[in-house]
Amino acid sequence: MRRQLRSRRAPAFPYGYRYRLDDQDEVNQNYLADEEEEAEEEARVMVVPDLEEEEEEKREEEESQAQETGSAWWRKWQIVNEYLWDPEKRMSLARTGQSWSLILVIYFFFYASLAAVITLCMYTLFLTISPYMPTFTEKVKPPGVMIRPFAHSLNFNFNVSEPDTWQHYVISLNGFLQGYNDSLQEEMNVDCPPGQYFIQDGDEDEDKKACQFKRSFLKNCSGLEDPTFGYSTGQPCILLKMNRIVGFRPEPGDPVKVSCKVQRGDENDIRSINYYPESASFDLRYYPYYGKLTHVNYTSPLVAMHFTDVVKNQAVPVQCQLKGKGIINDVINDRFVGRVIFTLNIET
Amino acid sequence: MVGGFSILLWIGAVLCWIAYGIQYSNDKSSSLDSVYLGSVLALVVVLTGVFAYYQEAKSTNIMASFRQMIPQQALVIRDSEKKTVPADQLVVGDIVEIKAGDQIPADIRLLSAQGCKVDNSSLTGESEPQPRSCEFTHDNALETKNISFFSTTCLEGTATGMVINTGDRTVIGQIASLASGVQNSKTPIGIEIEHFVHIVAGVAVSIGILFFIITVSMKYYVLDSIIFLIGIIVANVPEGLLATVTVALSLTAKRMAKKNCLVKGLEAVETLGSTSIICSDKTGTLTQNRMTVAHLWFDNQVFVADTSEDHSNQVFDQSSATWASLSKIITLCNRAEFRPGQESVPIMKKAVVGDASETALLKFSEVILGNVMEIRKRNRKVAEIPFNSTNKFQLSIHETDDPSDKRFLVVMKGAPERVLEKCSTIMVNGQEQPLDRSTAKAFHTAYMELGGLGERVLGFCHLYLPADEFPATYSFDVDTMNFPTSNFCFVGLLSMIDPPRSTVPDAVTKCRSAGIKIIMVTGDHPITAKAIAKSVGIISANSETVEDIAKRLNVAVAQVNKRDATAAVVTGMELKDMSPAQLDEILANHSEIVFARTSPQQKLIIVEGCQRQDAIVAVTGDGVNDSPALKKADIGIAMGITGSDAAKSAADMVLLDDNFASIVTGVEEGRLIFDNLKKTIAYTLTKNIAELCPFLIYIIAGLPLPIGTITILFIDLGTDIIPSIALAYEKAESDIMNRKPRHKRKDRLVNEPLAVYSYLHIGLMQALGAFVVYFTVYAQEGFRPSTLLNLRVEWEKGYVNDLEDSYGQEWTSYQRKYLEWTGYTAFFVGIMIQQIADLIIRKTRRNSIFQQGLFRNKVIWVGIASQVIIALILSYGLGSIVALNFTMLRPQYWFVAVPHAVLIWVYDEMRKLAIRLYPGSWWDKNMYY
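Residue numbers (full-length UniProt numbering), protein chains in the order written: chain B, 1 to 348; chain G, 1 to 929.
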């Protein structure tokens with residue numbers, strides 16, 4: 001009975017089996033196959049498919065596909081081309097010239113009004129912001145600390161006997177101190193009483209006077225006597241300044257002092273530091289700062305550290321901290337608030 | 001996890017890692033941001049993939065549970081013992097025993113059979129019982145009577161057979177493998193998403209290359225430019241969209257499952273919405289798949305019987321004495337019986353032993369007369385001749401239930417013309433009248449009329465045997481026919497049909513008004529098919545086929561202009577001779593088409609023909625014979641209750657209640673989700689520009705970076721996720737069931753207006769608004785916009801610890817970094833606030849928000865609340881965690897962007913107003929997405 005199922009007529013289904021009632025001679029209804037194939041298929045048995053023929057079919061399909069893909073690319077290219085510029089309808093990117101100009105006009109007005117809106121916004125913003133005083137200052141507080149000379153790095157490596165290694169420090173310091181020249185300070189700024197705030201009441205927009213900070217205050221580190229700031233003798237001067245903050249006033253009483261020590265290692269590596277001005281402090285008269293618009297000639301006070309006898313031929317990490325009431329110098333994330341760390345590596 | 005979106009995200013992830021590689025080789029201490037971004041992108045793909053898999057697996061589980069509902073058992077004789085073994089353990093050569101009610105466990109050749117009839121409907125779709133014997137009658141295995149096929153049912157009788165094929169080698173297995181040979185094409189939504197990905201990738205790459213050229217000409221290092229290029233490309237990747245789309249689709253799938261549409265693949269959820277042609281199987285899908293009495297003819301009148309699913313109101317006149325006689329014949333001349341133990345089951349749902357016609361008559365009489373078995377008991381059967389194809393009638397002899405009446409009653413039913421031959425009188429109004437020419441003509445008219453409705457007509461007649469000739473002790477012999485078989489009294493006709501499901505006509509009308517063409521494809525006879533098509537509205541009342549026109553005009557069929565006919569009935573025979581072009585012509589020119597007598601292969605051809613018309617084709621079906629077409633269709637819909645496993649596994653969707661009307665729900669949900677996905681994508685794309693612009697400005701104008709990568713991730717995968725999902729809950733703007741299905745190539749998910757409007761209009765406005773917040777924060781902290789210009793290089797130098805701001809204040813690098821993070825937070829808040837406006841405007845595409853109602857979709861408000869709460873938590877709760885780059889923002893900055901949000905909303909209302917006022921205008925064409 002198995003043979004019976006595999007008989008000539010049997011393998012036909014599932015194709016078109018329903019016809020057999022009406023039409024006995026109906027062949028398989030594979031619409032893809034042509035007449036010849038159908039005839040062969042009839043003879044095919046169910047369990048053993050005619051592999052050869054299938055392969056042939058496949059090959060044919062592949063060939064025709066290959067041809068199609070070639071022309072398909074060409075057609076695609078034509079479509080893209082036509083999309084870019086359709087000479088028949090005089091359209092580019094599926095729009096006519098008229099449509100394009102309409103779009104340009106509309107977008108011009110749209111963006112013009114957006115520009116107007118943002119201008120208005122910025123205008124109102126500036127109305128609410130004083131040009132003299134920042135609205136908020138707590139993000140710059142507490143003040144940061146920076147040193148001079150500064151050349152991208154906080155490592156001072158130089159060889160005393162090779163001027164090339166320290167010359168740029170000298171140039172940097174000289175440049176920095178130009179604004180502190182005594183003549184300039186005397187001409188521009190006033191000599192205000194020390195030990196107290198230099199408060200200038202009056203309108204916000206009034207120009208404020210600035211207190212003198214003369215280069216000569218820095219004595220041995222002023223570069224006036226020793227134009228190499230001690231670098232030629234292995235006794236480098238380093239200037240320390242506190243970041244300017246509008247309206248910042250140190251706590252009254254003792255002024256903010258600077259104190260340096262070895263950060264890690266032997267405490268005695270530095271041995272001695274001379275501070276100029278000798279008080280090693282920022283005098284109260286330099287505060288408050290009124291902002292650069294009105295306080296034009298404000299000169300930041302400096303404290304110079306003169307490392308006169310630092311250990312040579314080895315890196316000495318130095319930490320200089322501000323000390324005083326209300327001064328914070330131990331913020332974990334910010335190593336420049338109230339302190340500065342640098343290394344001295346002086347070779348002889 | 002591959003294809004479309006996922007590929008985009010994977011590429012983004014890889015680009016991120018490449019960028020980090022470049023950065024790392026330049027500077028060992030470079031930030032890990034791009035590594036995080038890449039990992040998050042990969043994580044998103046993986047998580048979404050797992051989620052989608054889980055969702056689809058859940059549906060598959062339900063499918064699997066169908067399969068395991070009835071573990072099939074077979075009674076097999078092995079080692080001279082009868083054993084019950086699971087059907088899947090049968091081997092070729094096993095001898096199995098079959099009895100009524102069994103499912104055939106494999107393809108078997110019958111060795112012996114007693115009155116065996118099988119239902120091949122699972123194979124052919126037709127539920128007509130077919131007799132089986134052990135004689136070889138036909139060359140073709142499918143037609144010969146001595147072979148029964150796997151998965152068909154034995155309706156009555158018993159048989160013994162030998163297994164000749166099992167599993168995939170069975171006929172049904174072959175059809176299933178034909179189905180599995182059909183390649184699954186991409187879902188329409190899959191194509192749309194791919195199109196969308198192309199757009200996004202195109203935009204990303206063109207902006208990237210444009211800025212690459214700009215940066216190179218601005219004398220940036222090439223390596224830096226490449227990193228910028230990668231950054232721009234990655235910034236364009238909508239990280240959250242894959243997750244959002246997946247969730248939105250699964251929400252719809254869930255909602256549809258609640259309405260008894262079980263969707264197997266998530267993407268198939270939308271397909272029904274795009275469907276423009278439904279090819280529906282007739283039996284079991286449009287019809288109830290059970291014979292039901294539809295019409296009666298007696299007293300020279302045609303009466304209509306209720307064919308609805310529960311037969312509840314039989315309204316025809318039951319007072320006539322003729323009806324009393326007819327009902328008696330119907331009740332007695334019937335061998336069908338209810339299976340015992342079904343007292344609590346409603347009549348229409350009771351299982352019956354007997355063929356379809358007899359079942360129909362049994363149920364019909366049970367509904368009208370009450371307890372049929374009781375009536376039969378009172379009218380004891382003394383003899384019967386069962387129906388056979390040579391006699392074409394069935395006869396039985398009964399005692400009457402009237403104790404005073406000692407006569408025997410002979411009742412007969414059968415093919416009307418054969419029954420009429422045996423009659424000499426006809427009963428009218430309870431009175432016997434001689435059967436003359438005019439009554440015979442009336443009979444023929446009624447017979448033709450009922451037959452023309454595609455119904456199966458049976459004639460009924462009876463004869464009271466005179467008591468003197470046939471006393472109570474008379475012994476009837478059915479073989480010698482020792483009783484009269486002529487001069488009967490004709491009582492009436494009764495016609496049966498497999499009636500349409502009551503919900504179908506309504507559903508068909510709804511599909512019609514939704515612009516969906518419904519084509520009936522059936523293996524049934526053309527006349528029946530046409531009748532059913534007419535009764536459900538697939539062929540509408542006033543449309544005609546070519547043949548109808550020819551008949552009306554009384555001309556030859558060939559003379560009729562084929563274009564005049566809106567309807568067409570095409571048989572498989574005709575289809576066989578057609579070229580694809582001819583088929584295309586029929587599909588294109590006729591709006592109402594019925595294909596009858598089609599084979600599974602032809603169903604495939606029809607589906608392919610429809611797909612050639614650029615239509616998205618849905619196929620409904622229940623039989624194994626439908627499964628190849630179900631697979632080929634863009635969406636195959638199988639019936640959950642009556643459907644075969646093969647159909648269910650080939651289908652993309654299963655109607656759990658077999659209700660064709662559920663398809664309408666599916667169409668509605670599909671269209672809604674398509675619209676809502678548009679909104680979701682528009683919503684998501686918008687902020688892409690607001691996130692990209694800062695980076696571009698950062699490169700070109702040298703501002704400190706306004707928003708960082710991690711912060712962007714918190715928008716894309718944090719604040720924006722729930723709102724964009726909430727848009728999936730949006731109600732339809734207008735009656736979506738009154739518009740045409742979308743055109744496959746013209747109505748894209750993401751079209752040019754959508755991209756342009758999102759990117760160049762709302763996106764830019766958002767970017768501006770966010771920049772205002774950014775500038776406000778910086779200006780109030782000391783950096784005015786003019787100072788910020790080209791500050792980037794100095795700003796980012798870690799060793800510059802006294803950078804001057806607009807007021808002469810000096811900032812350490814960490815103070816600047818912290819300010820930068822505040823800027824990120826501010827920009828983030830700016831985008832978030834404006835995204836609320838974006839969310840509200842995206843609720844509608846054409847209508848005003850007020851027409852749509854602000855509060856109808858509550859989920860939107862959940863979304864907005866989530867946005868605000870997440871932002872608050874990020875800023876105030878996690879503001880102290882350095883790695884997240886959020887800071888505590890001053891409360892007033894939260895409100896800076898509010899005017900811009902209002903502006904966005906006003907602008908969009910204006911756009912919608914113009915669209916509504918000037919439909920079809922330039923504005924409508926370019927601004928409606």
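Keep in mind that the hints were calculated from the coordinates and are not lab data.
A couple of the hints might just be wrong.
Listed next, the in silico DSSO-like pairs over lysine-lysine satisfying Cα-Cα at most 27 Å (straight line) [unchecked claim]:
#1 G/746 to B/89
#2 B/139 to G/797
#3 B/89 to G/744
#4 B/141 to G/797
#5 G/797 to G/28
#6 G/744 to G/254
#7 G/817 to B/292
#8 B/323 to G/817
#9 G/817 to B/139
#10 B/292 to B/139
#11 G/797 to G/259
#12 G/925 to G/746
#13 B/214 to B/323
#14 G/797 to B/292
#15 B/141 to B/89
#16 G/186 to B/76
#17 B/139 to B/323
#18 G/744 to B/76
#19 G/551 to G/510
#20 B/89 to G/925
#21 B/323 to B/257
#22 G/817 to B/141
#23 G/259 to G/858
#24 B/76 to G/925
#25 G/746 to B/76
To list a few chain G residues with every Cβ distance to chain B over 12 Å, as calculated [unchecked claim]:
#26 739
#27 756
#28 810
Note that the Cβ used here is the ideal one computed from N, Cα and C, for glycine as well.
Quick rundown of the hints versus the structure:
no. : hint           : verdict
1   : G/746 to B/89  : 20 Å, holds
2   : B/139 to G/797 : 18 Å, holds
3   : B/89 to G/744  : 25 Å, holds
4   : B/141 to G/797 : 20 Å, holds
5   : G/797 to G/28  : 16 Å, holds
6   : G/744 to G/254 : 26 Å, holds
7   : G/817 to B/292 : 23 Å, holds
8   : B/323 to G/817 : 25 Å, holds
9   : G/817 to B/139 : 10 Å, holds
10  : B/292 to B/139 : 18 Å, holds
11  : G/797 to G/259 : 62 Å, violated
12  : G/925 to G/746 : 13 Å, holds
13  : B/214 to B/323 : 23 Å, holds
14  : G/797 to B/292 : 23 Å, holds
15  : B/141 to B/89  : 67 Å, violated
16  : G/186 to B/76  : 21 Å, holds
17  : B/139 to B/323 : 20 Å, holds
18  : G/744 to B/76  : 19 Å, holds
19  : G/551 to G/510 : 31 Å, violated
20  : B/89 to G/925  : 19 Å, holds
21  : B/323 to B/257 : 5 Å, holds
22  : G/817 to B/141 : 14 Å, holds
23  : G/259 to G/858 : 21 Å, holds
24  : B/76 to G/925  : 26 Å, holds
25  : G/746 to B/76  : 18 Å, holds
26  : 739            : 25 Å, holds
27  : 756            : 10 Å, violated
28  : 810            : 4 Å, violated
The structure fails hints 11, 15, 19, 27, 28 (numbered hints given earlier, in ascending order).
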